[in-house]
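S.K.: Sequence:
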Amino acid sequence: MANQIPEEVIEEIRKSNDILDVVGEYVQLKKQGKNYVGLCPFHGEKTPSFSVTQEKQIFYCFGCKKGGNAINFMMEIESFSFYEALKFLADRSGINLPESGMNRESSMSQESQNVLSAYDWLRKLYHHLLRFTKDGKEGYHYLKERGMDDETIETFQLGFAPNAQDFIAEFLAKKGFQQQLLVKAGIVSQLDNNRVTDRFRGRVIFPIRNHIGKTVAFGGRSITDEQPKYLNSPESELFQKGKLLYNFDLAKKHIRKQNEVVLFEGYMDVISAYQAGVKNVVATLGTSLTESQAKLLNRYVDTVVICYDGDRAGLAATYKAANLLRSVGCGIKVASLDEDMDPDSFIRKHGSDAFINQVIKASDTYMSFYMRYLQKDYNLNLEGDRITYIENILKELAMIESPIEREYYLKELSEAHQISIETLSAEMHGYRQKQEKLEDKQGKNRYTNNTAFKQSQKKLLPAFYNAEKKLIAYMLHNSHITERVQHELGARFNVDDYKIIATYLYAFYEEEHPPDISLFIERLHDDRLKQLVAEIAMTPTREEISDREINDYIRIIQNESNDSVNIKSLKEQQKIAEQQNDPLKAAQIAMQIIELQKQLKNTN
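Each position in the sequence shown, counted from 1, maps to that position plus 643 in the numbering used here.
Please keep in mind that the hints were generated in silico from the structure rather than gathered at the bench. Be aware that a few hints might be false.
For lysine-lysine, the following DSS-like pairs were computed, each having C-alpha atoms within a straight-line distance of at most 27 Å [said to hold, decoys possible]:
1) Lys896 / Lys872
2) Lys884 / Lys963
3) Lys922 / Lys896
4) Lys896 / Lys730
5) Lys1054 / Lys1019
6) Lys922 / Lys767
7) Lys938 / Lys900
8) Lys1112 / Lys1142
9) Lys857 / Lys674
10) Lys1113 / Lys1084
11) Lys1228 / Lys1218
12) Lys938 / Lys884
13) Lys730 / Lys777
14) Lys780 / Lys992
15) Lys1019 / Lys658
16) Lys938 / Lys992
Here are the simulated distance ranges between beta carbons [claimed, not checked]:
17) Thr1146 / Glu654: 27 to 33 Å
18) Gln753 / Asn902: 36 to 42 Å
19) Asp1190 / Lys900: 34 to 40 Å
20) Lys1080 / Asn1024: 51 to 57 Å
21) Glu869 / Glu1048: 46 to 52 Å
22) Tyr1051 / Leu1025: 25 to 31 Å
23) Gln697 / Asp1139: 17 to 23 Å
Glycine residues also receive a C-beta, built at the ideal position from the N, C-alpha and C atoms.
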């Protein structure tokens, strides 16, 4: 696949896309020494094991062992084919791929590609109808009445579906789309008489884009009393409500910049806030927040500001979302709205400045929200209710690690309920001790269950193995070391994978390439080898290595190679002696083999 695209084009694309920027669009990275670390996007974890090195232009996860360069990252994270990854990075950096000589293979099924194309045509049509036709005036006026300006309508590509039965079906048929595909995708609905009608007719259209900006579904909002008020496209390979967040593609850069995201429940809240200047905003798609969405946010930010409706249902949804986000490692703030308010109505009534300063910037900590949330279930004028309420608050406080934060809320409880801070503190510490004992017990169980596994994982590798890995690490950075190793060792590495990598390195430098790990990885065709090279490249090396150290590595590898050859030869002699019915000679050779293996073991 790669050799169908000129190497100089691939090289230009690779060099035009800094891996730190590419990965940074998917993972919150923090500097740690020379590298940048974050939560791995390929497997679930709470402690970062994912590392990116800007100097070498590679990534590697020490947990799941995935690694490579920017192209490999896009192939892994988006399930792209090589061509799709290259096209994405080329578009990102404004480079035109040559049209001829390329197999434009796709990771998506042909059906999904056709549906994606149909959605793109419809997005353009719905938007055009809203903005420039008589049929769309009804929808345009509705959005204007909701306070949206033309720039916002353009940014979100809002549209309107005319109240005509087969207008959309006929439009798409002229573009070559089969009716059967449109029905299956939920773009049109089939009636009893086998005719079809637009699923969203008479509704304002909200295009739903995935995280790379492709329209994968629509949300339709009724502007009459028609039910349901909101209607989404059906789920498909392209559109899974529990994995996507509305506006995530536009919000990403603002989220990264502010290291904070504001989470809403609906399209209109997002659009109103975005227009008001709060651009790090996303929303769920008509469902409760899912674990998948929570983990996605945790990869990008430290803090999530939950801004749901102020009514009882909104508070319940906030509590549920907050606990899910906390469980995956997010810090939480909760924006407070009056019971009769949602974010969109607050902005329209009070303006953008009030929303920013009185709602977003004035957000509560999780504990403040929890105290307010829990209070609604108790009558604090009743002694029993008040005691139960305080006990529940103390149990929650016992789980907070910060002594300053614990003391702050203990003081607040003490003043509110006229109970000494010493009494509250003693009760809370009792709950902390119980929690610590429970965690210790669980920790011991985990240790007992995993002891054998952990011991097997810590098995020491032989000296030659470590010598070969270290030598490859230096060869990746230095062509002169590689020339020396090629002269003295050639292909006499004992580990098969290292032997293959060394052979590729010899060829790479013979083509007069400078040391470039990202480019070298691109020349490999085996994904497993690419990941192994990324792992070895992350091995710490000194800028200067002595001739003596190189000689030691080579000697260890040669000794293993020679001893292995000698043992193999003796085993062949032993086999011949047994075939010749000479048990005494066979036994003598067996003793030689045992002695040589002992020496080899002692050397390692």
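S.K.: Which constraints among the numbered hints does this structure fail? Numbers only, ascending.
M.R.: 1, 9, 10, 13, 15, 16, 17, 19, 20, 23
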